[in-house]
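Undergrad: Given only the sequences and the hints, what does the whole structure look like? Please build it.
All residue numbers for the sequence shown refer to my numbering, where the first residue is 17 and numbers rise by one.
These aren't lab readings, by the way, just hints derived from the structure by calculation. From the three backbone atoms N, C-alpha and C, an ideal C-beta is built for every residue, glycine too. Some clues are possibly wrong.
Stated by the list, open to error - With a Cα cut of at most 20 Å, we get these calculated EDC-like pairs of lysine to aspartate or glutamate:
no. : residue 1 : residue 2
1   : Lys145    : Asp93
2   : Lys77     : Asp93
3   : Lys77     : Asp123
4   : Lys145    : Asp108
Said to hold, decoys possible - Here are the simulated distance ranges between beta carbons:
no. : residue 1 : residue 2 : range
5   : Gly78     : Gly144    : 24 to 30 Å
6   : Asp18     : Asp64     : 18 to 24 Å
7   : Asp123    : Thr28     : 38 to 44 Å
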Amino acid sequence: YDQRGCPSFVLTGPLGNLRIQLNLLGRHNVANALAAAAAAHALGVDADAVVAGLQQLQPVKGRAVALMLGNGVRLIDDSYNANPASICAAIDVLTSFAGRTILVLGDMGELGEWAEQGHREVGAYAVGKVDTLYAVGPLMA
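TA: The structure is reproduced here in structure tokens:
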């Protein structure tokens, strides 16, 4: 991981040993990058283009964007259309940084009949991992 918390890895395979430095937070994005590299290889994309493409990726607004606010405070904005898996991945990203952790969670929309269960799973996952948890909204509370 670099000072921003973005992972780097060596992709070893038919394209050779490729050193990749992502601009995306979280171990889960290494898995996403590996899937993208495999798809690119299957389509005949050369190794240099795979490396360049993966290293040029930037986070989408509201998807695990780290902002330094001053006084050593780091805000991770992962507010875009969350689901239980993405929130658990965000918790893992948050807890990978040193220092006090504060997690603010709002309701997850569009879960349908899984809404209550999904919110409970996220709450259970967060317990003991963060220093402070703020739950906002009727489903999250």
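Undergrad: Now tell me if each hint is right for this structure.
TA: Here is how each hint holds up against the structure:
| no. | hint | result |
| --- | --- | --- |
| 1 | Lys145 <-> Asp93 | 18 Å, holds |
| 2 | Lys77 <-> Asp93 | 8 Å, holds |
| 3 | Lys77 <-> Asp123 | 19 Å, holds |
| 4 | Lys145 <-> Asp108 | 9 Å, holds |
| 5 | Gly78 <-> Gly144: 24 to 30 Å | 27 Å, holds |
| 6 | Asp18 <-> Asp64: 18 to 24 Å | 21 Å, holds |
| 7 | Asp123 <-> Thr28: 38 to 44 Å | 42 Å, holds |
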